[in-house]
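One-letter residues, chain by chain:
2 protein chains.
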Amino acid sequence: MSSLTERKARLIVHGDRPYNAEPPLDRLRAAYRTRAGDFYVRCHGDVPEIDAETSRLTLDGAVDTPMDVSLDDLRGRFRTVTVTATLQCAGNRRADMRAVAPVSGDPWDGGAIGTADWTGVRLGDLLRAAGARTGTDRHVAFESHDVVDGRPYGVSIPLAKALAHDTLLAFAMNGEPLLPEHGFPMRAVVPGFAGVRSPKWLRRITVQDHPSDHPIQAGDYKLYPPDVTAETADPARGHTIDTLPLNAAICEPARGAVLGPGACRIRGYAVAGDRAVIRVDVSGDGGRSWIQAALEHAPDAPFAWTFWTAELDLPPGEHDLAVRAWDSAGQTQPALPDDVWNHKGYLCTCWHRVRVRVT
Amino acid sequence: MSSLTERKARLIVHGDRPYNAEPPLDRLRAAYRTRAGDFYVRCHGDVPEIDAETSRLTLDGAVDTPMDVSLDDLRGRFRTVTVTATLQCAGNRRADMRAVAPVSGDPWDGGAIGTADWTGVRLGDLLRAAGARTGTDRHVAFESHDVVDGRPYGVSIPLAKALAHDTLLAFAMNGEPLLPEHGFPMRAVVPGFAGVRSPKWLRRITVQDHPSDHPIQAGDYKLYPPDVTAETADPARGHTIDTLPLNAAICEPARGAVLGPGACRIRGYAVAGDRAVIRVDVSGDGGRSWIQAALEHAPDAPFAWTFWTAELDLPPGEHDLAVRAWDSAGQTQPALPDDVWNHKGYLCTCWHRVRVRVT
Numbered sequence: 011m012s013s014l015t016e017r018k019a020r021l022i023v024h025g026d027r028p029y030n031a032e033p034p035l036d037r038l039r040a041a042y043r044t045r046a047g048d049f050y051v052r053c054h055g056d057v058p059e060i061d062a063e064t065s066r067l068t069l070d071g072a073v074d075t076p077m078d079v080s081l082d083d084l085r086g087r088f089r090t091v092t093v094t095a096t097l098q099c100a101g102n103r104r105a106d107m108r109a110v111a112p113v114s115g116d117p118w119d120g121g122a123i124g125t126a127d128w129t130g131v132r133l134g135d136l137l138r139a140a141g142a143r144t145g146t147d148r149h150v151a152f153e154s155h156d157v158v159d160g161r162p163y164g165v166s167i168p169l170a171k172a173l174a175h176d177t178l179l180a181f182a183m184n185g186e187p188l189l190p191e192h193g194f195p196m197r198a199v200v201p202g203f204a205g206v207r208s209p210k211w212l213r214r215i216t217v218q219d220h221p222s223d224h225p226i227q228a229g230d231y232k233l234y235p236p237d238v239t240a241e242t243a244d245p246a247r248g249h250t251i252d253t254l255p256l257n258a259a260i261c262e263p264a265r266g267a268v269l270g271p272g273a274c275r276i277r278g279y280a281v282a283g284d285r286a287v288i289r290v291d292v293s294g295d296g297g298r299s300w301i302q303a304a305l306e307h308a309p310d311a312p313f314a315w316t317f318w319t320a321e322l323d324l325p326p327g328e329h330d331l332a333v334r335a336w337d338s339a340g341q342t343q344p345a346l347p348d349d350v351w352n353h354k355g356y357l358c359t360c361w362h363r364v365r366v367r368v369t
Numbered sequence: 011m012s013s014l015t016e017r018k019a020r021l022i023v024h025g026d027r028p029y030n031a032e033p034p035l036d037r038l039r040a041a042y043r044t045r046a047g048d049f050y051v052r053c054h055g056d057v058p059e060i061d062a063e064t065s066r067l068t069l070d071g072a073v074d075t076p077m078d079v080s081l082d083d084l085r086g087r088f089r090t091v092t093v094t095a096t097l098q099c100a101g102n103r104r105a106d107m108r109a110v111a112p113v114s115g116d117p118w119d120g121g122a123i124g125t126a127d128w129t130g131v132r133l134g135d136l137l138r139a140a141g142a143r144t145g146t147d148r149h150v151a152f153e154s155h156d157v158v159d160g161r162p163y164g165v166s167i168p169l170a171k172a173l174a175h176d177t178l179l180a181f182a183m184n185g186e187p188l189l190p191e192h193g194f195p196m197r198a199v200v201p202g203f204a205g206v207r208s209p210k211w212l213r214r215i216t217v218q219d220h221p222s223d224h225p226i227q228a229g230d231y232k233l234y235p236p237d238v239t240a241e242t243a244d245p246a247r248g249h250t251i252d253t254l255p256l257n258a259a260i261c262e263p264a265r266g267a268v269l270g271p272g273a274c275r276i277r278g279y280a281v282a283g284d285r286a287v288i289r290v291d292v293s294g295d296g297g298r299s300w301i302q303a304a305l306e307h308a309p310d311a312p313f314a315w316t317f318w319t320a321e322l323d324l325p326p327g328e329h330d331l332a333v334r335a336w337d338s339a340g341q342t343q344p345a346l347p348d349d350v351w352n353h354k355g356y357l358c359t360c361w362h363r364v365r366v367r368v369t
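Heads up: the sequence lines are chains U and A, in that order. Take the position in the first sequence, starting the count at 1, then add 10; the result is the number in our numbering. Take the position in the second sequence, starting the count at 1, then add 10; the result is the number in our numbering.
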């Protein structure tokens, strides 16, 4: 196994403590299942070192039978399943919003996203075994080993999502144990939701009648209107970002690429939260005309991204490539960063544009 | 009860045979539950006259026990439920697309939508009682008494949607028997889907392993890319319009209204297919700045529209009002008709704009 230092050297690093990094887009597009070393890393505190042998998981709160089990017990007791799913940071593509006005947070390009085969046990199986008490406004809160501002990392998801078929406690990524920066020895994987709701280094699960009161849940990862500022933002009025919206990015060619004459192959990804991507339109003239890309999708993986490929004949000169996707409800993306701008820089879903020059 | 002729006189009539009509937007916005006489009418053939006493419903295909029952038997055998749900034509707001280029079909303004309390029996209860055989690609086909191009009206929906909690065979609308033009004595109500999948005057339900081959299902109500024309359209490659995308409209003031000085009250609706509307932004300057509207929604009605109200102080002069909604996945609408244009004029989801003059 490579070292964290070696892996870091291959990524675009936005920060060291906490460690945040993304892969270059061409390497992201190289494999439908993202190599673990190419998978974006989003941390809120330092990467904790966990001993898998002695590590335990607690399940408590509104359950008939609380659990406190070793990870080996957990794997022995529940059926192991593998789910192909995309995880994406709510700040993916934030850099594109800076064209409008400053935004807070790391300037992610389009690489704060990745797809893997996640292997683990279903969170729903644990909850059912423990006799989780259901109700209209129940939440499942997570607490992790990493420390953020002196408190354990904490978030929550609605109970219905916790019980869903594809929501996992994962031990492995693409058939290998999780890397330390991806949550070793165990993380939650909540497909379709923003990555922040899939905590790494998980240690405690609590069924409760209110969302987590940890600042990451209660204060961060909220969508605000464009007129709200850091000074006026009221987290109680912001929308909690769970399911992610439709998005797409051009991974090749890169911004500023200088291309030879002839057919230009354009490749990228699209993703639609809890819906399917039904069409991807690609433009060579900034959105005045469009062609349809060929789509590639894993079977039986409703929460995994769609890879797409298109070819355009571009004459010599400067060209504005653009991409927009359509979801299974016939919904598409807004054109401009202005249309989605918010001071936190979340959910940058406008058309992704890449200017290239053909010689 | 008023006559069809009297009701027709109160609507904006796009055609007599088939009869298609919508209410003026201010009357649409007057009541959260749309009065039956104000509810848009979309027909594909003539309105059939059905005798409720002798009318029967057949359920056949991939079921263990086919049914052929009178409507009285149906109501006696299954539990009656009421669901508050919005129905909307896939062509709602089509008129706005004509700013880009011609489109086929009736030029609906924003009134091809309405919300009612629908009372009937759950389609899923029938399917379960008949022992419908489930499978990964099963469909439920509907056939009706109205005749379109010499064949009974026919469409289909995926079996999973037919089994969903809120999918009904409805006898009543807002507590009254259905009006003839709304499907008397019985229609399907498939909330969240385009109105075309909620056939009126229903007579037959078939569980099968393929979608309906009726032209309305197989050929019409497909979403095409902007470069596809009537000549090049291949229905097998178009996207079947089922779940509808996020949309919103300004119902008051009307386009071209001349307003007195002072606060201008702006009211309308928003709707999000199978998602929730979480925010509605209203602009008095064509989309350069936005305020947030107050939202009104029926409880426990996931497929019902959201009413919204905002107030803007507008100085004397011309003003471009605009509205855009946001759904529970943080997705919003494209700005321009150009962004959504297709030659059939379906799914016009760009910001709704209304120019007014303040004296």
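Certain hints may be false.
[What the hints assert, rightly or not] Partial pick of chain A residues on the chain U-facing surface, computed with a CB cut under 8 Å:
{"hint": "1", "residue": "Ile251"}
{"hint": "2", "residue": "Thr253"}
{"hint": "3", "residue": "Leu254"}
{"hint": "4", "residue": "Leu256"}
{"hint": "5", "residue": "Ile288"}
{"hint": "6", "residue": "Arg289"}
{"hint": "7", "residue": "Trp300"}
{"hint": "8", "residue": "Val350"}
These are calculated hints, taken from the structure and not from any lab test. Note that the structure is predicted; figures quoted are calculated from it, not measured. From the three backbone atoms N, C-alpha and C, an ideal C-beta is built for every residue, glycine too.
Could you check the structure against the hints above and give me the numbers of any it violates, in ascending order? As far as the earlier hints go, not one is violated by this structure.
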